[in-house]
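Number of protein chains: 2
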Amino acid sequence: MIAEAISAGWRIESQFLAPGGARVFGTESDIYQLADGVMERAATTATPQPVIAIAERRVSTLTELPESGWIVVADRVSDPGNMGTILRSAEAAGACAVVLTNETVEAFNPKVVRSSAGALFHVPVVEGIELADIASAGFRLVGTSSHHQPGVVEYTKADLSGRVAVVVGNEAHGMSLDINVEQWVNIPHFGRGESLNVAMAATLICFEVAQQQAAK
Amino acid sequence: MIAEAISAGWRIESQFLAPGGARVFGTESDIYQLADGVMERAATTATPQPVIAIAERRVSTLTELPESGWIVVADRVSDPGNMGTILRSAEAAGACAVVLTNETVEAFNPKVVRSSAGALFHVPVVEGIELADIASAGFRLVGTSSHHQPGVVEYTKADLSGRVAVVVGNEAHGMSLDINVEQWVNIPHFGRGESLNVAMAATLICFEVAQQQAAK
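So the protein lines, in turn, are chains A and B.
Counting in this note's numbering, the first sequence runs from 41 upward without gaps.
Counting in this note's numbering, the second sequence runs from 41 upward without gaps.
Excised from the complex, chain A in its bound form (with noise of 0.2 Å):
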């Protein structure tokens, strides 16, 4: 995860040892050797590994993402692990960032960083954005909903060329609704109401968007 990092060019403040641990190279980092039994203190796994480092968070602005691409907007996404899964699934598919907004886990999130399996270092990420921001900034923004919204399309079936931001929002609760989005969309699927998780639902809009800007 460290080397992760590093290849992404990551600047890496520092790292902790635990005895036996070995540092990663690649970067300058100040090293400090901890005693016994620190690590497992500190770190926040129950079996962590022997290293950790401290690394300078990058954080983009709606400003800074390029002209052409496409973005996934978590909306109000509470879990860890979905969150981390909707990082990967936007990185594999080409997304230029990945906007959370305000109500959303926390990308720096220990468990978001890890189930992110080193997405979050290949990947920009804006938060703290109310969907309206990301209106205003260009984006046609397109909803994913379970619901029946008025004028909703498969996705596979919607346009999803350009410059779009698709939203996936909370597990329980879905996206906000306090907003307009230009198009909604949804998974048609076999099965009971909920046997499709929004991380699942992120990885199949992903791709198919994907499918679409390659198309072009």
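Each hint should be verified, as a subset may be incorrect.
Just so you know, same-sequence chains aren't split out, so a pair can sit in one copy or run between any two.
Lysine to aspartate or glutamate pairs mimicking DMTMM-like chemistry, simulated, CA-CA at most 20 Å apart [stated by the list, open to error]:
hint, residue 1, residue 2
1, K151, D119
2, K151, E222
3, K151, E234
4, K151, E44
5, K151, E96
6, K197, D76
7, K197, E143
No lab work stands behind these hints, which were simulated from the structure alone.
Here the structure of chain A is known, so what remains is to put chain B in place on it, guided by the hints.
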């Protein structure tokens, strides 16, 4: 989860209730009241629910599967969370069964049951199978690979109609290569090689199969 099993017609042999726990109705089952602190020792999670149910396990065989359906095969998948998502994807996409090869994590592993979010109760499961058995049962084997197998095509350009068995493999080693598949497919993606995991790949491929099967 118990209500989910009952609604899917599973037989619940018995329910064990922690103090304050309420039995789930909708089925006949023996009810046992547990003393304080017993549930915490018996359950497999740190903060268990107040009810444990014993359900009669339902297993299917390849020969019982309908003539017209398609299936998902998990070949040596080892992570319970990934296996749970594969079950969810298969159910949501309308697969008629999920088949687990000999070296795959057990479908009834408690972590798989939980991460399947009830899908396990709604899609037939066949365990302990070899890939060769699946071909013998009349399925066209479609293999997924992150490598460049001879004749590999993009998953959206492959023929995934009819009686197909889409095979996803081990997290680190992929699927077994000691069997001839009819078609190799891959998922073109941006980002790093490891940006898509097997659960995400299964979601994408299952829904591509669903699209193609619905188009016929």
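- Message: Going through the numbered hints above, which ones does this structure break? Give me the numbers in ascending order.
- Response: The structure conflicts with hints 2, 6 and 7, although it agrees with all the remaining ones.
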